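Next come the chains, spelled out residue by residue.
2 protein chains.
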Amino acid sequence: MPNPTAAMLVIGDEILSGRTRDANTHHLAGVLTERGIDLKEVRVVSDDHGAIVAAVKALSKAVDHVFTSGGIGPTHDDITADAVAAAFDRPIDVRDDARALLQAHYDRSGQELNAARLRMARIPEGATLIDNPVSTAPGFTIENVHVMAGVPSVFNAMVQSVIPTLTGGAPMLSETWRVQRGEGDLAEPLALIAAEFADLSVGSYPFQKDGRYGSNIVIRGQDAARLDVAMAKLKDIFPA
Amino acid sequence: MPNPTAAMLVIGDEILSGRTRDANTHHLAGVLTERGIDLKEVRVVSDDHGAIVAAVKALSKAVDHVFTSGGIGPTHDDITADAVAAAFDRPIDVRDDARALLQAHYDRSGQELNAARLRMARIPEGATLIDNPVSTAPGFTIENVHVMAGVPSVFNAMVQSVIPTLTGGAPMLSETWRVQRGEGDLAEPLALIAAEFADLSVGSYPFQKDGRYGSNIVIRGQDAARLDVAMAKLKDIFPA
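Chains A and B are the protein sequences, given in the same order.
Heads up: the first sequence is residues 1 to 240, going by the working numbering.
Heads up: the second sequence is residues 1001 to 1240, going by the working numbering.
Next up, chain A with everything else stripped away, as it sits in the complex (with noise of 0.2 Å):
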C-alpha cells in the first residue's frame, strides 16, 4: 500500500519579503519522513484571504494531509483561521472549549483575556483542536487540514500532538554515500544503479568543498534489505 501523503503550506509575508527564513517546512519534513508519509509538496503563501483559500483547496484535494503554518495568533494580520473557514465554507466563531482554554491561561498569568486575544478561540464549526502545550491558544483540524502556529516552539509542539493521531506508512528508510567527484564522472554507473533498483530512489546531491567537487549520493527505500544491497553496489563502484 502507498504511503499517505502530506503537504505544507507556510502563511506569511515575512517568509516572501526575506525577513525570516522559514524553519517550519524542514522540522515537519523529517517529523513525516519517520512517520512513513510523504511530503509532496510545499506552498509559502502571503497573508492574503483569497491566496491561502485557493492553497487551501488546491492542496486539500490533492494530498492525504495538509499542514498550514502561520496567521493564527491575535493580531490583525492572523487571518488563516478565516480562510480555511471559508476554504470548507464552514461558519466560524470563538467556540466555547478554546475560550475555557484560553480563559484559565490568561487567570493563571494575572492577564486580561480581551478581544484581541479572544480571536484565538475563534474555530470552524466542525474542527477538532490541537493541543498547544507551549502557550495554550490552540490549533486545530478541519477536514484533512492541520492548522498550526508560525512560532517554530510552538509549531513544533502542535506536530506533535497531531503526528500520533494520523496513520504512517512504511518509514522511508535512507543511507547517504559521499564521494569526492563530480556528478558528471557519477551519472552513468548510477543512471545503472537507479535502472536496476526502480524500487528504490537513488538521488545525487553535488557539493563544492574547498575547491573540489563532490556529490552526496542518497539512495531511499522502504526495503533496509534492498537498500543494503544497493548501497554495497555503490560502495563496490566507488570505493572510499
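Each hint should be verified, as a subset may be incorrect.
[Claimed, not checked] Now the in silico label distances, taken between C-beta atoms and shown as ranges:
1) A/V94 with B/D1199: 28 to 38 Å
2) A/A240 with B/V1134: 25 to 35 Å
3) A/A170 with B/G1036: 17 to 27 Å
4) B/P1002 with A/R21: 18 to 28 Å
5) B/D1223 with A/D223: 58 to 68 Å
6) B/Q1160 with A/D97: 50 to 60 Å
7) A/T176 with B/Q1160: 39 to 49 Å
8) A/G126 with B/A1195: 28 to 38 Å
9) B/A1062 with A/A23: 52 to 62 Å
10) B/G1036 with A/E112: 48 to 58 Å
Rather than coming from a laboratory, the hints here were simulated on the basis of the structure.
Note that the coordinates shown come from a computational prediction; the quantities given were computed from them, not determined experimentally.
In this text, a Cβ means the ideal position worked out from N, Cα and C, and glycines have one as well.
Following the hints, position chain B against chain A.
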C-alpha cells in the same frame, strides 16, 4: 504602478524528505525585495516530471517571473530542463553555444565532456542562457521562467546574472520595532495603525525568549516619509 511579481519553484526530493534545508528561497526573497519585485508564492515539488510541468504552468501564468532551483545537473534525477520545455511545448536538445561553454570548461580542467555532462547543454528551443561563473554549466530563461541550479553558490551566482536584466519596482522598505509584550496586548493599537496607514503593511511577529513573550513589529512600504510617520506613532505607543 504596482511592482512586478515573482514566484519561486524549488525542485527536489531532498528538501521534501527533510534531508536538506532549502537555502535558495531565503536568498532570492531578499534579493527580490531589494529590487522591488514582489515574491508572491513559493512552491517545493519533487523530482517528478508531472509535478514540475504543472507547477511551471500554474506559476508562469500567475506572476511576472518564475525562478526555479534544482534539477539541472548531469545525473538521471536531473529532469527540470525537460520538464520546463514540456510545460511550454518546446523541443529540447543539446545546443551548440552551451556545448561550447562546457567543452572549453572541461578542456581547461582536463576532464572529458562525456554523455552525462553533455546533458547540461540541453536547452529548450528559444531560451536564452544564464551565465554561471561558478561552474560554467548554464541556466536558461524561457518565456518568463528562469531555470537555475540548486547548489546554493551556483544558484546565487545565477541570480546575480539574471536580476540586472529584469525591470524592478520601487524597493520595499521595512522598519522593525521590538516590543517586550505579548501580541494580545499589541493587537488593538496595531490594528488602529494598520487602518490609519492603509498604504503600508503592518505585521507582528511574536517570539519567546527567556520565558517572556515579545513581538517584532514590522512596517513595510515604498514611501520612506510615510514609513517614518507610522514608526514614530508606533514608538510613541510602545516606548523602548
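Right, here's what the structure says about each hint:
Checked against the given bound of 28 to 38 Å, the beta carbons of A/V94 and B/D1199, roughly 32 Å apart, stay inside it. Taking 25 to 35 Å as the suggested C-beta distance range, the pair A/A240 and B/V1134 conforms, at roughly 27 Å. For the pair A/A170 and B/G1036, the supplied restraint of 17 to 27 Å is violated, since their beta-carbon distance comes to about 48 Å. In this structure the supplied range 18 to 28 Å holds for B/P1002 paired with A/R21, their Cβ-Cβ distance being about 26 Å.
Checked against the hint of 58 to 68 Å, the pair B/D1223 and A/D223 passes, with Cβ atoms roughly 60 Å apart. B/Q1160 and A/D97 have their C-beta atoms about 53 Å apart, which keeps the hinted 50 to 60 Å range intact. Between A/T176 and B/Q1160 the beta carbon distance is about 30 Å. The supplied range of 39 to 49 Å is therefore violated. In this structure the supplied range 28 to 38 Å holds for A/G126 paired with B/A1195, their Cβ-Cβ distance being about 32 Å.
Between B/A1062 and A/A23 the beta carbon distance is about 26 Å. The supplied range of 52 to 62 Å is therefore violated. Between B/G1036 and A/E112 the CB atoms are about 42 Å apart, so this pair departs from the stated range of 48 to 58 Å.
Hint compliance for this structure: hints 3, 7, 9, 10 are broken, all remaining hints hold.
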